[in-house]
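2 protein chains.
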Amino acid sequence: MDRTILVVEDDPDILNLVIWHLESEGYRTLKSKDGRKCLETAIHEKPDLLVLDLMLPGMDGLEVCKTMKRNQATADIPVIMLTAKGEEVDRIVGFELGADDYLVKPFSPRELLLRIRAVLRRHEPPAQQRPGVLRHREMTVEPENYKVHIGREPIRLTVTEFNLLLDLLQNKGRVRSRDQLLDRVWGYQFEGYARTVDTHIRRLRQKIAPYAEDIETVRGVGYRFKET
Amino acid sequence: MDRTILVVEDDPDILNLVIWHLESEGYRTLKSKDGRKCLETAIHEKPDLLVLDLMLPGMDGLEVCKTMKRNQATADIPVIMLTAKGEEVDRIVGFELGADDYLVKPFSPRELLLRIRAVLRRHEPPAQQRPGVLRHREMTVEPENYKVHIGREPIRLTVTEFNLLLDLLQNKGRVRSRDQLLDRVWGYQFEGYARTVDTHIRRLRQKIAPYAEDIETVRGVGYRFKET
DNA sequence: TTTGCATGTCACAGAATCGTCATAATCGCA
DNA sequence: TGCGATTATGACGATTCTGTGACATGCAAA
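Chain order of the listed sequences is C and X.
Under the numbering used here, think of the first position of the first sequence as 12, with each following residue one higher.
Under the numbering used here, think of the first position of the second sequence as 12, with each following residue one higher.
Among the hints, a few may not be true.
Note that the list lumps identical chains together, so a pair holds whenever it fits in one copy or between two copies.
The calculated DSS-like cross-link candidates involving lysine-lysine, where the alpha carbons are at most 27 Å apart (straight line), are [said to hold, decoys possible]:
| no. | residue 1 | residue 2 |
| --- | --- | --- |
| 1 | Lys80 | Lys44 |
| 2 | Lys80 | Lys42 |
| 3 | Lys183 | Lys218 |
| 4 | Lys218 | Lys48 |
| 5 | Lys48 | Lys183 |
| 6 | Lys42 | Lys57 |
| 7 | Lys80 | Lys57 |
| 8 | Lys77 | Lys42 |
| 9 | Lys48 | Lys80 |
| 10 | Lys237 | Lys183 |
| 11 | Lys44 | Lys57 |
| 12 | Lys183 | Lys44 |
| 13 | Lys44 | Lys218 |
| 14 | Lys218 | Lys237 |
| 15 | Lys48 | Lys77 |
| 16 | Lys183 | Lys158 |
| 17 | Lys183 | Lys77 |
| 18 | Lys237 | Lys44 |
| 19 | Lys42 | Lys158 |
| 20 | Lys57 | Lys183 |
By construction, these hints were calculated from the structure, which means they are not laboratory data.
All chains, full assembly: derive it from the sequences and hints.
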């Protein structure tokens, strides 16, 4: 699962409280105290959901929300608004801004968690798009669990190896350049050499030995998982 | 592929660095040091993407961006902003101006390249317009995959051979001179003899043996892929 | 702290690929 | 038909790319 939630709130007490509850529920979290900064975070980190305080220094929550919905990169991220009593609830509820739900302070953490769960469920990608279990001959890969089996035998992969395998498998038949792989598996900000990919490909091949050949080297281009 | 990128930056060092990296990745490039001039260039040359420095002499990056987005001819060109640390990142991130992404200096060239690739991917024309699988009798060529089949049989081509075949096939029926082929397949910077093309044509003919005859030699001119 | 694992980097060897050249074959035209 | 120009071919050395093992670092568990 491992959803990431960005919390934007200027009151440090509330911020930490919310963060603490989210993390103890197993969510990954990001914080921001500033309306402007949080947009930046939203774009680069692509959280699965945003918990947004209405009253913020600088750019207020309404603005943040509107801006996000206008920007293609962030338009799909659901937003839960936090408001103090008496704030302009009506406009939020009107959802002119694209907020998906809202809570009036003071709220109970449990309620927040429930709302989050509900909103996430609503925004869950439909089953056929969701990464289900991937298969390749006798090998099964479970994206949600970081588990790989060949036949009955469990295969122990590191996170990097797993992500590498997953990306190749999800793009079966298509060549991925080393840079593309660095981008997708290691992330944008990684500043390493393309050679690193080779090493991990090697380790991956060793571990999925029976199918080592099915990771094809496309010389001068990159790697590709063999179709069927 | 062969996308054109306009880089607008007043610092010549950074400008040349960026240009160099872009070209070595195979992009065509245009430069501009001036906010006003670059608008003109953007309109006439229709680049596929703009890398725009925030701080510019004359008209600054924000203005350029806003102006571009107002003008129908340039509104669809994605923009990646470059900013020095501490500059008004917030307004950019607010995307009031329509920037599609941004980078804070100092940035790594690799990261810029990755962002460019990501933004271009987002703005990619829909699939039905993109060059799909090419066919010639029993032969299929998948441009994105570097894959060639004759019937069911996969054909192993090197990247150079593949690009050569692709260029000929995409221009079926038209003669290409050796110089044209050198430019398109080997790249402008290649400094070699035209005879090199002959050798690769030969290797290509061998590998696609059943259709060897379909690569016609046009004496004194170049080569041509026979119209079905 | 020590230990073990995951990771990224490096250097080197082997293999694939490339460009060039010499020579043979072919073509177009007088 | 014969000649010069052009192209095809095969070989070879040079270059580039990948696979591999070894190693340094960092992190986290013990």
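**Message:** I want to check one pair: lysine 44 and lysine 57. Are their C-alpha atoms no more than 27 Å apart within a copy, between two copies, both, or neither?
**Reply:** Only inside one copy: lysine 44 and lysine 57 sit 17 Å apart there, 33 Å across copies, limit 27 Å.
**Message:** At most 27 Å between alpha carbons: which applies to lysine 77 and lysine 42, within, between, both or neither?
**Reply:** Close inside one copy (19 Å), not across copies (30 Å); limit 27 Å.
**Message:** Cα distance capped at 27 Å. Does lysine 183 pair with lysine 218 within a copy, between copies, both, or neither?
**Reply:** both (19 Å within a copy, 25 Å between copies)
**Request:** At 27 Å max between alpha carbons, let me know whether lysine 183 reaches lysine 158 within a copy, between copies, both or neither.
**Result:** both (19 Å within a copy, 13 Å between copies)
**Request:** Tell me, please, which holds for lysine 44 and lysine 218 at an alpha-carbon limit of 27 Å: within, between, both or neither?
**Result:** neither (44 Å within a copy, 52 Å between copies)
**Prompt:** Can you tell me if lysine 80 and lysine 57 fall within 27 Å by alpha carbon in one copy, between copies, both or neither?
**Reply:** both (13 Å within a copy, 25 Å between copies)
**Item:** Up to 27 Å CA-CA - lysine 77 versus lysine 183, copy category
**Value:** neither (38 Å within a copy, 41 Å between copies)
**Request:** Since the copies are identical, ignore which copy is meant and state whether lysine 237 and lysine 183 lie within 27 Å (CA to CA) inside a copy, between copies, both or neither.
**Result:** within (6 Å within a copy, 30 Å between copies)
**Request:** Indicate which option fits the pair lysine 42, lysine 57 if close means a Cα-Cα distance not exceeding 27 Å: within, between, both or neither.
**Result:** within (13 Å within a copy, 32 Å between copies)
**Prompt:** Under a CA distance limit of 27 Å, which applies to lysine 218 and lysine 48: within one copy, between copies, both, or neither?
**Reply:** neither (42 Å within a copy, 56 Å between copies)
**Homomeric proximity label, lysine 42 with lysine 158: Cα distance no greater than 27 Å** = Cα proximity of lysine 42 and lysine 158: none, with 30 Å in one copy and 46 Å across.
**Intra- versus inter-copy proximity for lysine 183 and lysine 57 (alpha-carbon distance at most 27 Å)** = within (25 Å within a copy, 35 Å between copies)
Consistency note: the structure conflicts with the earlier hints numbered 4, 5, 12, 13, 17, 18 and 19.
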